[in-house]
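Since chain Y is already given, all that's left is putting chain R on it; use the hints.
One letter stands for each residue in the lines below.
Number of protein chains: 2
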Amino acid sequence: MNPTAFRRALVEAGHLLPLPHQGSWGRGADLERVVLGFVARLDAMYSDRPQRTYHFGPLMPQESFQRTGYVASQTQLVGSVDVFRGGDEEHRALLAECETGEDWTHRLEPAGLMFASAACHPLYAALAGQQVSGSYLIFGHAFRHEPSEDPFRTITFRQKESVRVGTHEDCVEHRDHYLERAAALLTSLGLDVEAEVANDPFFGRAGKLMARGQRAAELKRELSVQAYGPGHPRTALASANLHGPHFATAFDLRLPDGSPAETACTGFGVERVALALLLVHGLDVREWPAEVRRELAL
Amino acid sequence: MNPTAFRRALVEAGHLLPLPHQGSWGRGADLERVVLGFVARLDAMYSDRPQRTYHFGPLMPQESFQRTGYVASQTQLVGSVDVFRGGDEEHRALLAECETGEDWTHRLEPAGLMFASAACHPLYAALAGQQVSGSYLIFGHAFRHEPSEDPFRTITFRQKESVRVGTHEDCVEHRDHYLERAAALLTSLGLDVEAEVANDPFFGRAGKLMARGQRAAELKRELSVQAYGPGHPRTALASANLHGPHFATAFDLRLPDGSPAETACTGFGVERVALALLLVHGLDVREWPAEVRRELAL
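Residue numbers (my numbering), protein chains in the order written: chain Y, 297 to 594; chain R, 297 to 594.
Chain Y with its partners taken away, still in its complex shape (with noise of 0.2 Å):
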């Protein structure tokens, strides 16, 4: 099945309520349950440890935001939020343009807020100066403005990770941990999963020496699918990455010792897995193997 094949085939069986812009979609109630049930099932896996759980919205503050180096590294891909804070007389020449068609939003501002490119990112602005150790869960937002056609490659999506803020050594070990245990899982549900040494998409020509840097120190994994069939590109479902001191540094994170911390953390898109899952098991969620049923409590 081709990503327009699979797209169709979504929304006639009820779980993609198509909205007329690219990237933009309606979920049916069974596929936000497979969500829901798989977030759950990661609740389950990442609590052989302890972690401090926490949940934040799609937004956070542009001057945090700035902080993450995602403006500069990854611009084609961030998002901003204009908001109005004219008059009477503002108000009254912007309706104007609204009424015949012209472009009105030029009458917007920045409101300070960016959207967060992953979910960890408010995590670091909410800890920001602190002197602290161990892991985080976190479920959120992110937002990735590349339009497109494929199910898989939505605008806004939500990511449940574990952020591990520790020393360099205990971050590879949070890395190797969960991305052993996140190939299980994915593999017990019945998604052929590799692991990929993988890079950022980061921007334009000096991004091109990024991602090499990131690749050659293998900072990035990924778990990906062969969604489509061979001859098209693979899906990744989850990543596994250490930011070394990047975040850190930028968030002014220091171990409780006064010393510098790391970061690492491993993340799944959690409606696309769902969305594998469908890919893999079929449309019809009652008609799954039992055991993908019990284990996403369906």
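Possibly wrong hints are sitting among the right ones.
To be verified - Take a look, some chain R residues computed to stay more than 10 Å from chain Y by CB distance: (1) G375; (2) V379; (3) D384; (4) D399; (5) G430; (6) R449; (7) E476; (8) G486; (9) R511; (10) E518; (11) T531; (12) R550; (13) L551; (14) D553; (15) R582; (16) R590.
To be verified - Which residues of chain Y face chain R? A partial, calculated answer using Cβ under 8 Å: (17) G322; (18) M341; (19) P346; (20) H351; (21) G353; (22) P357; (23) E359; (24) S376; (25) A389; (26) L391; (27) G408; (28) H441; (29) S444; (30) N495; (31) P497; (32) F499.
Note that these hints are calculated values from the structure, not bench results. Ideal Cβ placement from N, Cα and C applies to all residues, glycine included.
Here is chain R on its own, set in the frame of chain Y:
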């Protein structure tokens, strides 16, 4: 307790994790469990009638959003998304501005996406041009740009709504049916709610007239609590709204026989309900009344 004291207590108890922007928070594990327990309780309440169930993300197409009329009527609350579409040259200029602390967001342009102001807005966009009738159970996001220190007032939040598309009589019946059940549910959880005639926060001088008309026709009713005691404004937890032909005309929704439709919705701000419960029953959910814990599966 006043809003400042409540905010401090929530942060101290670990229910809220402050982000450095008014109205922007992380939520702790217990708060989120209360939210999801209440959402499940709403699913049960709404299951007395057949409802097609959809989940939406925070964004919807700009073109669709403009049809809601909110750009004109609640201009001060709406949010628009900007993204970067430039090449290497614009990227270099943006980077320089970002590094020297200048405004770099002027290099962004509208993505053609806006925040839904209510969880039901994307539904109308998805149904546009169709002949339909029935009830829709929606879980989604709302964005209202009203930064505040009051923990009840966040910039993004989640709403669970039942939307009716039908005749005028269908809509009035749906409103009355679920307003009564919503009040009974909130009361059974220990919340001292009152049903009040209310109005939307329409923009500017013309908005005052719209608000007066909406109140005179009793189109909006809110279930609110006196969260902070006498002298403080009441806090709305749920609202029941008759839209008349407003959305149906804007999105060309007709009944199966081709005649014009009307719409109505009853919606809950689910984080608000969870916070109201913390205010009434105390900050330690383990010490809440057994009946409330049972109702919310805590």
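So, going through the hints one by one against the coordinates:
1. G375: Per Cβ check, G375 (chain R) is inside 10 Å of chain Y; nearest 5 Å; violated.
2. V379: With a cut-off of 10 Å, V379 (chain R) comes too close to chain Y, as the shortest Cβ separation is near 4 Å.
3. D384: It is violated; D384 (chain R) is separated from chain Y by about 5 Å at its closest Cβ, not greater than 10 Å.
4. D399: Label violated. Min Cβ-Cβ 7 Å, cutoff 10 Å.
5. G430: holds (14 Å)
6. R449: For R449 (chain R), whose nearest Cβ neighbour in chain Y is about 13 Å away, the distance exceeds 10 Å, so it holds.
7. E476: Label holds. Min Cβ-Cβ 25 Å, cutoff 10 Å.
8. G486: holds (24 Å)
9. R511: holds (22 Å)
10. E518: holds (23 Å)
11. T531: holds (19 Å)
12. R550: holds (18 Å)
13. L551: Holds: least Cβ distance 20 Å, greater than 10 Å.
14. D553: Given that every Cβ of chain Y is farther than 10 Å from that of D553 (chain R), nearest at about 24 Å, it holds.
15. R582: Per Cβ check, R582 (chain R) is outside 10 Å of chain Y; nearest 16 Å; holds.
16. R590: Answer for R590 (chain R): holds, closest chain Y Cβ roughly 20 Å.
17. G322: holds (4 Å)
18. M341: Constraint on M341 (chain Y) not satisfied, violated at 16 Å.
19. P346: violated (12 Å)
20. H351: Since the shortest Cβ distance to chain R is 4 Å, the answer is holds.
21. G353: Hint on G353 (chain Y): holds, closest Cβ of chain R at ~5 Å, below 8 Å.
22. P357: At 4 Å from the nearest chain R Cβ, P357 (chain Y) passes the 8 Å test, so the hint holds.
23. E359: Cβ of E359 (chain Y) sits 7 Å from chain R, so the hint holds.
24. S376: holds (5 Å)
25. A389: At about 11 Å, which exceeds the 8 Å cut-off, the nearest Cβ of chain R leaves the hint on A389 (chain Y) violated.
26. L391: Holds, about 5 Å.
27. G408: holds (6 Å)
28. H441: Result: holds, 4 Å to nearest chain R Cβ.
29. S444: Cβ of S444 (chain Y) sits 14 Å from chain R, so the hint is violated.
30. N495: violated (18 Å)
31. P497: violated (13 Å)
32. F499: holds (6 Å)
Of the numbered hints given earlier, the model fails hints 1, 2, 3, 4, 18, 19, 25, 29, 30 and 31; all others are met.
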